[in-house]
Amino acid sequence: MGDRWSSRLSEYVDDELETSERLELERHLAECEPCRRAVAELTDVMHRARALEDHAPARDLWPDIHDRIRGDMVVPLASRRAVRETRRFALSMPQLAAAGVALVMAGAAGMWWLSPERAAPVSSTIDGGEPGFVAPAAATVGEPDVSTVIAGLQQVLSEHRGQLDSATVRVLEENLATIDRAIDEARAALRTDPANRYLNAHLAATLRMKVHLLNRAAMLVSAAG
Amino acid sequence: MSALLTVSAMTLLATGAADTTFTAAGASRMVVNTQRGNVEVRTWDRDVISVSTDAGAEALGVSRSGQTIRLTQRHDFFSKSLNIRITMPARLAIDVEGVFSSIDIAGVRSDVNAETVHGAVTLSGGSGAINLHSVQGGVRVAGTSGNLRLYSTNGTIEVDGHDGPLTAETVNGAITMKRIASRSVEVTAVNGAVHYDGTVAMDGRYVLRSHNGGIVLYLPRAVSATVSVATFSGGFESDFPVTLREVLGGGRNFQFTLGDGAARIELESFAGQIRLRQGSND
Amino acid sequence: MALAAAGDAQAFERLYRAHLSRVYSLARRLLGPDDDADEATQDVFVRAWEKLGSFRGESAFGTWLHRLAVNALLGRRASRKRRQRWEEPGVDAELARGVVERPELRLDFARAIPHLPDGAREVFVLHDVEGYKHREIAELLGVTPGTSKAQLHRARSILRRHLTR
Numbered sequence: 000m001g002d003r004w005s006s007r008l009s010e011y012v013d014d015e016l017e018t019s020e021r022l023e024l025e026r027h028l029a030e031c032e033p034c035r036r037a038v039a040e041l042t043d044v045m046h047r048a049r050a051l052e053d054h055a056p057a058r059d060l061w062p063d064i065h066d067r068i069r070g071d072m073v074v075p076l077a078s079r080r081a082v083r084e085t086r087r088f089a090l091s092m093p094q095l096a097a098a099g100v101a102l103v104m105a106g107a108a109g110m111w112w113l114s115p116e117r118a119a120p121v122s123s124t125i126d127g128g129e130p131g132f133v134a135p136a137a138a139t140v141g142e143p144d145v146s147t148v149i150a151g152l153q154q155v156l157s158e159h160r161g162q163l164d165s166a167t168v169r170v171l172e173e174n175l176a177t178i179d180r181a182i183d184e185a186r187a188a189l190r191t192d193p194a195n196r197y198l199n200a201h202l203a204a205t206l207r208m209k210v211h212l213l214n215r216a217a218m219l220v221s222a223a224g
Numbered sequence: 000m001s002a003l004l005t006v007s008a009m010t011l012l013a014t015g016a017a018d019t020t021f022t023a024a025g026a027s028r029m030v031v032n033t034q035r036g037n038v039e040v041r042t043w044d045r046d047v048i049s050v051s052t053d054a055g056a057e058a059l060g061v062s063r064s065g066q067t068i069r070l071t072q073r074h075d076f077f078s079k080s081l082n083i084r085i086t087m088p089a090r091l092a093i094d095v096e097g098v099f100s101s102i103d104i105a106g107v108r109s110d111v112n113a114e115t116v117h118g119a120v121t122l123s124g125g126s127g128a129i130n131l132h133s134v135q136g137g138v139r140v141a142g143t144s145g146n147l148r149l150y151s152t153n154g155t156i157e158v159d160g161h162d163g164p165l166t167a168e169t170v171n172g173a174i175t176m177k178r179i180a181s182r183s184v185e186v187t188a189v190n191g192a193v194h195y196d197g198t199v200a201m202d203g204r205y206v207l208r209s210h211n212g213g214i215v216l217y218l219p220r221a222v223s224a225t226v227s228v229a230t231f232s233g234g235f236e237s238d239f240p241v242t243l244r245e246v247l248g249g250g251r252n253f254q255f256t257l258g259d260g261a262a263r264i265e266l267e268s269f270a271g272q273i274r275l276r277q278g279s280n281d
Numbered sequence: 000m001a002l003a004a005a006g007d008a009q010a011f012e013r014l015y016r017a018h019l020s021r022v023y024s025l026a027r028r029l030l031g032p033d034d035d036a037d038e039a040t041q042d043v044f045v046r047a048w049e050k051l052g053s054f055r056g057e058s059a060f061g062t063w064l065h066r067l068a069v070n071a072l073l074g075r076r077a078s079r080k081r082r083q084r085w086e087e088p089g090v091d092a093e094l095a096r097g098v099v100e101r102p103e104l105r106l107d108f109a110r111a112i113p114h115l116p117d118g119a120r121e122v123f124v125l126h127d128v129e130g131y132k133h134r135e136i137a138e139l140l141g142v143t144p145g146t147s148k149a150q151l152h153r154a155r156s157i158l159r160r161h162l163t164r
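Residue numbers (numbering that gives the first Met the number 0), protein chains in the order written: chain A, 0 to 224; chain B, 0 to 281; chain C, 0 to 164.
In isolation and in its complexed conformation, chain A is listed as follows (with noise of 0.2 Å):
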């Protein structure tokens, strides 16, 4: 069927020629059986899918759907595997998201992962083994500390970083990267001069503002989600 007609005849079942197309194909209907008996195969299409029933799936998927919402994880199925493999940071999105904010509302109030009586360098937890940064113990019992948190969040959002535009992306990542860069230079800054007061002091708001941004990026995602 090759006339000019046939890739319209779905418009014309939905109503949507204009009015002097639509006659003029009407027109043509009333000589041509081929297209006469098209349209009213259309039409029978449309009818058959606004037709169609709904039924639910074989199994009963209730059982998996309520392990993924309760308590810990909130993972895509696909991923289970992966976070299995690293249970440390194995926290919900809104139960990260409550330790970035705890933990930023935590700095505004004071420098809160400084012990002033400790005199030697600790090794840090965040990157393992660094010398300089002073890392007391979490402020309350089971309260995530900063790598953690930050380890966290990172693995959330490359998970899902899918579901955000690539112009949100990579204005995060151009962000993340500046504070990044600047944590480096603090930290080696700290090493040749491990005791001064203002660069840990001044690495600590820097990681502070990290953990800021991880948490907006992760609710920016839980909203896109």
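Treat the hints as calculated values from the structure; they're not laboratory data. All C-beta atoms in this analysis are idealised placements derived from N, C-alpha and C, irrespective of residue type, glycine included. What you were told as hints is all true, and nothing was included just to trick you.
Selected chain C positions facing chain A (Cβ under 8 Å, derived; list incomplete): (1) 20; (2) 23; (3) 24; (4) 37; (5) 123; (6) 127; (7) 151; (8) 152; (9) 155.
What follows is a list of derived Cβ distance ranges for each label pair: (10) A/55 <-> B/90: 48 to 56 Å; (11) A/49 <-> C/59: 16 to 24 Å; (12) B/89 <-> A/194: 50 to 58 Å.
Once you've looked at the hints, dock chains B and C against the given chain A.
Positioned in the frame of chain A, the structure of chains B and C alone reads:
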């Protein structure tokens, strides 16, 4: 969760008019949720709210829950850009959340909350709890009072005239503050300069921090403050005569006193130049 | 609804059971034959749980859930990085042949739908099954309304051919 009451605004919107007006009686807060498109809020002394959009009334949903009136961009899954203009009573608190949206609010006399991802936030007037947040686009504020909290990730923060505590943070962008009357200022930039020109109250605390950028602080000649300066690879210069009194914690950290040393000023720049200027920049 | 929003999994289960068939059937139709409708349905409800706090009641819950489901299901195609060749006529000829040569699809209209080419299938399901307008579909899929109409016609033409045999 209170029951949701749909006001007759829904009927008004259903008529297809691009302008909708409904009462603000009994309301104390207006919330706007949008995905794409700019939001402009202005005020008047009538106790009604007028909403107009450039895309027809069916794009916006209106609902009311207790004292909160909520406008939501419908079909936000359809990525449609919708510019919204609201005129409301100045007494209402306003809360605008957008994604690809610039937000421009003027004349409000109550709390303001505005958040966007891509777009600038501009505020003129506002009193109370003010929180403004833009990821990309910057934040500009003028003539506010109360507790001001400003966050930008990629963009500058500018404040011209504020009375009350001020917190600001940006990763990439400068923070400029002038005509500030505050007893508590805490401002941090990673990649950007910080400029402060305002009062220094006797019981005040002023913390200006940057990693890469310079810090410039304008102080009146007769100021009374204890000033702590810290830098790693930056420098320091001052219009005021400075005698180093104490070296704290090693490195290039020092403290000095101006006048009676009443206010506390902390100036920190890891790599930038810290400057103390006498007088105002106005 | 208020209970579910407050975090009560039991209340959410009731919502799940009430809307399961609708969501599952939408997933079956919208996804291609090698995508897992069971897993997709789970993902939709998990996402609905996560976003429950943002449901403001400005529409019926079913409507809100349906839109969330459409978004989520369409997103699966994007994340699977399948390339949809909108304009290639050869694909349809192969598909039409394939449909005709698989006798089990001839009589089962519902089972044939997942075997439509991606773009045609999505437009067909959204327009003819779910009742969206071309303008809305165009924005959802990031195409022009003209493309949406062409894809609809393509889908109907393929399905029509095997219905009449």
